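Protein chains: 2
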Amino acid sequence: MKWDEKLSGSVQHNNSLLCVGLDTDAEKIPGFLKAKKHPVLVFNKAVIEATKDLVCAYKLNLAFYEVLGAEGSLVLEQTIAAIPHDVFIILDGKRNDIGNTAKKYAQALFDMYKADAVTVNAYLGKDGIAPFLEYKEKCSFILCRTSNPSAGELQDLQIGSTPLYQVVARKISEWNTNLNCGAVVGATYPEELRLVRKILGNHVPILIPGVGKQGGDVEKTIRYGTNSQGEMALVNSSREILFASSGEDFASAARNKAAGLRDMMNTYR
Amino acid sequence: MKWDEKLSGSVQHNNSLLCVGLDTDAEKIPGFLKAKKHPVLVFNKAVIEATKDLVCAYKLNLAFYEVLGAEGSLVLEQTIAAIPHDVFIILDGKRNDIGNTAKKYAQALFDMYKADAVTVNAYLGKDGIAPFLEYKEKCSFILCRTSNPSAGELQDLQIGSTPLYQVVARKISEWNTNLNCGAVVGATYPEELRLVRKILGNHVPILIPGVGKQGGDVEKTIRYGTNSQGEMALVNSSREILFASSGEDFASAARNKAAGLRDMMNTYR
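In order, the protein sequence lines correspond to chains A and B. Note that the working numbering gives residue 250 to position 249 of the first sequence, counting from 1, and the numbers run on in steps of one. Note that the working numbering gives residue 24 to position 23 of the second sequence, counting from 1, and the numbers run on in steps of one.
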């Protein structure tokens with residue numbers, strides 16, 4: 002199944018644009034889990050079980066698994082296996098390298114871990130991205146405008162009268178010959194999000210981190226990030242949902258937070 | 002020991018600016034190794050044993066280990082353990098993320114795998130790099146001008162009259178308050194290398210991939226990449242050395258190729 006069918010299926014089935022970020026910091030999970038074997042996996046499975054009917058996607062940031070060493074690879078694999086087959090899976094690694102090396106990253110993320118989508122960084126230009134785009138059934142979200150405070154330091158540099166992040170947005174349209182490019186734009190920059198959606202048109206998905214702990218506004222995120230059908234935006238929240246409670250009720254607290262966020266998003270669609 | 006002491010120690014001890022890239026593609030190693038347990042590890046150990054007196058550094062590109070899953074983490078760890086304590090170790094992952102996540106990557110690469118240096122991508126600006134730079138004893142090589150054919154697609158964009166890669170070089174100087182920044186510049190772009198060395202001055206190391214298979218010129222690489230003392234350049238070759246022979250003599254063939262390259266580099270210092 003091509004990525005866009007799977008994504009629109011999960012968006013419609015769960016009536017949701019919410020992407021839950023399984024950025025599971027092993028140091029922050031509830032203390033009582035830490036004595037268990039593979040505590041991050043136990044935590045992830047509980048969060049997935051509690052939220053799987055509320056989300057369009059899960060996004061796993063690879064840093065939180067890489068830091069676990071060999072166990073991280075196993076936890077990543079088994080977390081992915083615990084996600085229902087009809088929910089979209091994004092592996093967020095922001096990978097970038099020259100062609101023959103980028104191909105290995107693409108194999109790791111798409112073939113081995115079975116991601117539906119990945120995030121990539123375009124600083125190397127088209128040939129560093131191409132090995133990902135060759136997976137025509139999969140989607141590659143290209144960093145455009147990131148959510149962090151110093152995002153503008155390079156991304157706002159003016160090329161003529163166009164900031165770099167908009168040049169990247171135009172490149173994304175140009176590179177999108179297989180209809181499998183997406184963009185990453187932070188919710189913390191709503192005006193930039195509006196301009197990127199305008200450049201990308203209706204058919205390119207935007208992955209939008211930065212609501213929740215980072216402070217992005219939900220209403221503007223939905224109004225500016227979605228296309229004219231109120232779709233093609235995946236709004237990610239991680240810490241706010243994962244660590245809604247540090248007690249034994251962490252999963253139900255995550256569910257409550259996720260449900261509230263999904264419903265709030267839907268009021269603005 | 003601070004990174005620059007260790008690096009200048011290995012440069013002087015082995016009289017070498019050669020960095021061997023252990024970008025070990027499991028599909029390309031000699032066939033007779035494939036029946037062994039952990040063939041990539043066996044291969045790496047043999048290459049290290051055959052070249053360890055000829056190099057200033059080894060660079061391990063993480064893509065080739067990530068694609069091996071949990072085994073990759075073990076192979077990475079044990080390859081690093083097989084490198085002599087006085088040889089510089091670079092983990093090449095080109096990682097980039099927002100602050101709290103970049104911190105996890107830094108922990109993984111510096112604390113867990115014990116790298117002396119890493120490569121990072123600066124598209125997110127200072128705060129995505131800062132968690133790496135906080136490791137004051139370690140070095141972070143920031144992508145500046147990459148070696149691939151489409152490098153210029155973004156990196157040559159003109160900011161006023163300055164191309165982006167030179168803006169990044171200036172940022173590297175600005176961010177270098179802990180004296181632990183390096184730059185990555187491809188040997189395939191000698192004029193750009195010359196200009197970046199000029200911007201960075203004498204004390205910032207440049208990691209230079211792209212000689213060998215990618216076609217970078219060794220003479221220009223050394224003349225333009227080193228500082229006024231003929232140091233602070235790490236010239237990486239991977240495939241040309243690793244896969245010099247596909248037979249049982251692969252390690253001695255790697256040694257011959259590495260020795261030739263080191264000696265050629267030294268004639269131009």
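I should point out that these hints are in silico values taken from the structure, not numbers from a laboratory. All figures in this text were calculated on a predicted structure; none of them were measured in a lab. Any given hint could turn out to be false.
A pair holds if it fits inside one copy or across any two, identical chains being indistinguishable in the list.
[To be verified] Computed cross-link-like contacts, SDA-like style, restricted to lysine to any residue with a CA-CA straight-line distance of at most 20 Å:
no. : residue 1 : residue 2
1   : Lys-29    : Thr-268
2   : Lys-137   : Gln-108
3   : Lys-38    : Ala-71
4   : Lys-46    : Gln-159
5   : Lys-29    : Glu-241
6   : Lys-221   : Asn-267
7   : Lys-115   : Glu-72
8   : Lys-172   : Arg-270
9   : Lys-46    : His-204
10  : Lys-199   : Asp-128
11  : Lys-46    : Ala-260
12  : Lys-46    : Gln-79
13  : Lys-104   : Glu-28
Hints versus structure:
1. Proximity of Lys-29 and Thr-268 under a CA criterion of 20 Å is satisfied in neither setting, with 32 Å inside one chain copy and 54 Å between copies.
2. In this assembly of identical chains, Lys-137 and Gln-108 lie within 20 Å of each other by CA distance solely inside one copy; the values are 13 Å within and 34 Å between copies.
3. With identical chains, the CA atoms of Lys-38 and Ala-71 are at most 20 Å apart both within one copy (14 Å) and between copies (17 Å).
4. Taking the closest pair of Cα atoms, Lys-46 and Gln-159 never come within 20 Å of each other, the shortest separation being 45 Å inside a single copy and 48 Å across copies.
5. Taking identical chains as interchangeable, the C-alpha atoms of Lys-29 and Glu-241 lie at most 20 Å apart only when both belong to the same chain, with a minimum of 12 Å there against 45 Å between chains.
6. Taking the shortest Cα distances, Lys-221 and Asn-267 sit within 20 Å of each other inside one copy (12 Å), while across copies they are farther apart (59 Å).
7. For the identical chains of this complex, Lys-115 and Glu-72 are neighbours both inside a copy (18 Å) and across copies (18 Å), given an alpha-carbon limit of 20 Å.
8. Neither within a single protomer nor between protomers do Lys-172 and Arg-270 lie at most 20 Å apart by alpha-carbon distance, with minima of 28 Å and 41 Å respectively.
9. Taking CA atoms no more than 20 Å apart as the test, Lys-46 paired with His-204 passes in neither setting, with 32 Å inside one copy and 49 Å between copies.
10. In this homomeric assembly, Lys-199 and Asp-128 never come within 20 Å of each other (Cα to Cα): the closest approach is 26 Å inside a single copy and 28 Å across copies.
11. Only within a single protomer do Lys-46 and Ala-260 lie at most 20 Å apart by alpha-carbon distance; the minimum there is 18 Å, versus 52 Å between protomers.
12. For a Cα distance limit of 20 Å, the shortest separation of Lys-46 from Gln-79 inside one copy, 9 Å, qualifies, whereas the shortest one across copies, 31 Å, does not.
13. In this homomeric assembly, Lys-104 and Glu-28 come within 20 Å of each other (Cα to Cα) only across copies, at 13 Å, whereas the closest approach inside a single copy is 33 Å.
This entry does not satisfy hints 1, 4, 8, 9, 10, going by the numbered hints stated previously.
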